[in-house]
Amino acid sequence: MAGSGTVQLRDEPMLLRVERLVLEYGAGNYRVHAVSDVSFDLKRGETLGLVGESGCGKSTLGRAVLQLVQPTSGRVLFDGVELTAAKGEALRRLRRRLQLIFQDPIASLNPRRRVGDIVAEPLIIAGVKDAAERAQRVRAVLEAVGLDPDLVQRRRPHEFSGGQCQRISIARALVLEPDLVICDEPVSALDVSIRAQILNLLEDMKARYGLTLIFIAHDLAVVKAVSDRVAVMYLGKLCEIGPAEQVFEHPAHPYTALLLQAIPLPDPDAPLPQAVAAGEPPSPIAPPSGCRFRTRCPMAQGRCAEEEPQMRAIRPDQFVACHFTTGDLIQ
Amino acid sequence: MSAALLEVEKLSVALMTERGPLHAVAGLNLTLAPSRSLGIVGESGSGKTMLARAILRLLPRNATVGGSVRFDGRDLLGMPLDALRRLRGRELAVVFQDPMTSLNPVLTVGSQIAEALSEHMGLGAHAAALRAVELLAEVGIPEPGRRARQYPHQLSGGMRQRVAIAIALSCEPRLLIADEPTTALDVTVQAQILDLIGREQQRRQMALILITHDLGVVAGRTDEVAVMYAGRIVEHAPTCDLFKQMRSPYAEALLQAIPKLDAPPHTRLRAIGGAPPDPTRLPPGCAFSPRCRYAQERCRREAPPLLGEAGGHQFACWLPLAERAALEA
Numbered sequence: 412m413a414g415s416g417t418v419q420l421r422d423e424p425m426l427l428r429v430e431r432l433v434l435e436y437g438a439g440n441y442r443v444h445a446v447s448d449v450s451f452d453l454k455r456g457e458t459l460g461l462v463g464e465s466g467c468g469k470s471t472l473g474r475a476v477l478q479l480v481q482p483t484s485g486r487v488l489f490d491g492v493e494l495t496a497a498k499g500e501a502l503r504r505l506r507r508r509l510q511l512i513f514q515d516p517i518a519s520l521n522p523r524r525r526v527g528d529i530v531a532e533p534l535i536i537a538g539v540k541d542a543a544e545r546a547q548r549v550r551a552v553l554e555a556v557g558l559d560p561d562l563v564q565r566r567r568p569h570e571f572s573g574g575q576c577q578r579i580s581i582a583r584a585l586v587l588e589p590d591l592v593i594c595d596e597p598v599s600a601l602d603v604s605i606r607a608q609i610l611n612l613l614e615d616m617k618a619r620y621g622l623t624l625i626f627i628a629h630d631l632a633v634v635k636a637v638s639d640r641v642a643v644m645y646l647g648k649l650c651e652i653g654p655a656e657q658v659f660e661h662p663a664h665p666y667t668a669l670l671l672q673a674i675p676l677p678d679p680d681a682p683l684p685q686a687v688a689a690g691e692p693p694s695p696i697a698p699p700s701g702c703r704f705r706t707r708c709p710m711a712q713g714r715c716a717e718e719e720p721q722m723r724a725i726r727p728d729q730f731v732a733c734h735f736t737t738g739d740l741i742q
Numbered sequence: 009m010s011a012a013l014l015e016v017e018k019l020s021v022a023l024m025t026e027r028g029p030l031h032a033v034a035g036l037n038l039t040l041a042p043s044r045s046l047g048i049v050g051e052s053g054s055g056k057t058m059l060a061r062a063i064l065r066l067l068p069r070n071a072t073v074g075g076s077v078r079f080d081g082r083d084l085l086g087m088p089l090d091a092l093r094r095l096r097g098r099e100l101a102v103v104f105q106d107p108m109t110s111l112n113p114v115l116t117v118g119s120q121i122a123e124a125l126s127e128h129m130g131l132g133a134h135a136a137a138l139r140a141v142e143l144l145a146e147v148g149i150p151e152p153g154r155r156a157r158q159y160p161h162q163l164s165g166g167m168r169q170r171v172a173i174a175i176a177l178s179c180e181p182r183l184l185i186a187d188e189p190t191t192a193l194d195v196t197v198q199a200q201i202l203d204l205i206g207r208e209q210q211r212r213q214m215a216l217i218l219i220t221h222d223l224g225v226v227a228g229r230t231d232e233v234a235v236m237y238a239g240r241i242v243e244h245a246p247t248c249d250l251f252k253q254m255r256s257p258y259a260e261a262l263l264q265a266i267p268k269l270d271a272p273p274h275t276r277l278r279a280i281g282g283a284p285p286d287p288t289r290l291p292p293g294c295a296f297s298p299r300c301r302y303a304q305e306r307c308r309r310e311a312p313p314l315l316g317e318a319g320g321h322q323f324a325c326w327l328p329l330a331e332r333a334a335l336e337a
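Residue numbers (our numbering), protein chains in the order written: chain Y, 412 to 742; chain C, 9 to 337.
Simulated from the structure, these hints should not be mistaken for lab results.
In this text, all values refer to a predicted model and were calculated from it rather than measured experimentally.
Every residue, glycine too, gets a C-beta built ideally from N, C-alpha and C.
Accuracy of the hints is not assured; some may be wrong.
Away from chain Y, derived, C-beta distances all over 10 Å, residues of chain C [as the list claims (entries may be wrong)]: (1) A41; (2) R96; (3) H134; (4) G166; (5) L277; (6) E305; (7) A330.
Mimicking DSS-like on lysine-lysine, the simulated pairs with C-alpha atoms at most 30 Å apart in a straight line are [what the hints assert, rightly or not]: (8) K252/C x K18/C; (9) K540/Y x K498/Y; (10) K18/C x K617/Y; (11) K498/Y x K617/Y; (12) K617/Y x K454/Y; (13) K268/C x K454/Y.
Chain Y with its partners taken away, still in its complex shape:
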């Protein structure tokens, strides 16, 4: 895809509203178009799955929402407050309600500190001065993520497996009881048998703490397992956004269809994944004109090079940026 536009934004109160977000790095001929005019929103309690291949800008988008990188333009509204305009202490205060969980659970924990201190640190930063209260909240959150506080608090991250480290990261993200958690490939580094435990845990935590989640991943089956809505990105642009079930059943963007067809299924009777897309994603330094997906798209025509497709509704609540799609590209 390669589309812009804001018709996909819903006309209701939203916890998060991202409008025409642009993020570019570098200068001159080496300008990387990491996120280009992306808009989406999230209701309280909703999970948005953000999928795309490496380099499509999905992680950068997550960081830009949290203002960990300064967007080049566009707005991020969180609970009605404009994060993109907030600065200093005001932004720090708001950030307590927004947390991030990273892909590599071992690298994201300080190896020299004890688990109890790692999980307590957000409370210290947030100014919870009462040590007894901190200790009690750390215990509660460790128990919630399935760890025994008495066994783990005094130990250091290297004594734990990848799955347990990810539980510790989740505890650290939840100890401030945030509203929105961005999970950036939280299970990609984990083995299959552990992945299911962590996905189930995230679902439990969402219910228990009333979380709103952005779940960034490249694995579509993993995304479907946890998401209410799905947004598909390609080379810094949004291709398609809509209810998870509907997008998976009736993908409207040729790129979404292609991603779905490329998944190897654990079933020898299923048709083999189709390598329908020729080639690989182009460089975000010099993205193709018009629709950024056109160089790999089986449906591409002359118009795709000249005119960038805008987001349009293809079904209730499902939006796609493609000139030609009729809306159901599988079966």
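Place chain C on chain Y using the hints.
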């Protein structure tokens, strides 16, 4: 099976670590017939990569190896190193997960393919360079003449893996071992690379061992599949039979733990409790017993052998399916 191309018997690999011996491969038996493809599936630490490295004798220095590996009747583990070197690259080829680290960064990709050709096939410099370009075309690299003069960093990950495959195929091997060849690649590129490996395997009638952590990668792409856990094969069967009914509790649980594309959102996953065992502290008996929902007294005492006819549906579990079904009820 005297016709086997590869026969692995009672293979064990132990690595000396500060915490004592790490049993990466523990008494493993495996045979592979010529031009067959075998998928080896396991999680990290299951020993699948060490098995591949033991077959190629590319083990770290601190490894001790027991048992035997025979390739076309020749004993690979006992063979003198120079004879083994002639065999590796020539008849036995390998493709690793990360093509960036397996390719030489200061040589053009064309010269790396040509090097293998002149070393093993005795081609002259000119003939080798021409053949290198042909091979790049065969693995689906556009503009092969120009690409041959480029360095690995100038190519994308998928292209680099195609180059690694071209090198592996350059000397017409009889067995190709591909160790997680697509794990570092995006899903659309993964499908292309798996198609390429499959097509070349068929075309060249070579045997293939495809190592992966993803059951989806081997389904429909290999003739047979072996599932490993804690250094052992727990189930080995023709691919269709295996997916029709997994007979070892581990393989069954592994398949159930994968999120299904056709399940509605928020379907609770059937997770396997606990974590794989520490390979320096393997539990007595069946290594999966601490996580197995069917485990009984005997499982914790004695490791079950891999039973069943070679070539048929082999699995290692004390409990027959019917008894497990009764426990389930």
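Hints versus structure:
Against chain Y, the non-interface label of A41/C holds: every CB pair exceeds 10 Å, the least being about 19 Å. The beta carbon of R96/C is kept farther than 10 Å from every beta carbon of chain Y, the shortest such distance being approximately 29 Å. No beta-carbon of chain Y is positioned within 10 Å of the beta-carbon of H134/C; the least distance is around 31 Å. Consistency note on G166/C: stated as away from chain Y, yet its beta-carbon is not over 10 Å from all of that chain's, at 5 Å minimum.
With a minimum CB-CB distance of about 4 Å to chain Y, L277/C fails to clear the 10 Å threshold, and the non-interface call is violated. Listed as outside the interface, E305/C is consistent with that label: its C-beta sits roughly 24 Å from the nearest C-beta of chain Y, beyond the 10 Å cut-off. Separation of A330/C from chain Y is adequate, the least Cβ-Cβ distance of about 25 Å exceeding the 10 Å criterion. This hinted pair checks out: K252/C and K18/C have alpha carbons roughly 28 Å apart, not beyond 30 Å.
A hinted pair counts as satisfied when its Cα atoms are at most 30 Å apart, and K540/Y with K498/Y qualifies at roughly 24 Å. Taken as a hint, the K18/C and K617/Y pair is broken in the structure, with Cα atoms around 48 Å apart against an allowance of 30 Å. Restraint check for K498/Y and K617/Y: satisfied, since their Cα atoms lie roughly 29 Å apart, inside the 30 Å limit. Restraint check: the Cα-Cα separation between K617/Y and K454/Y comes to about 14 Å, which is no more than 30 Å; the hinted pair holds.
Between the alpha carbons of K268/C and K454/Y the distance comes to roughly 26 Å, so the proposed pair stays at or under 30 Å and holds.
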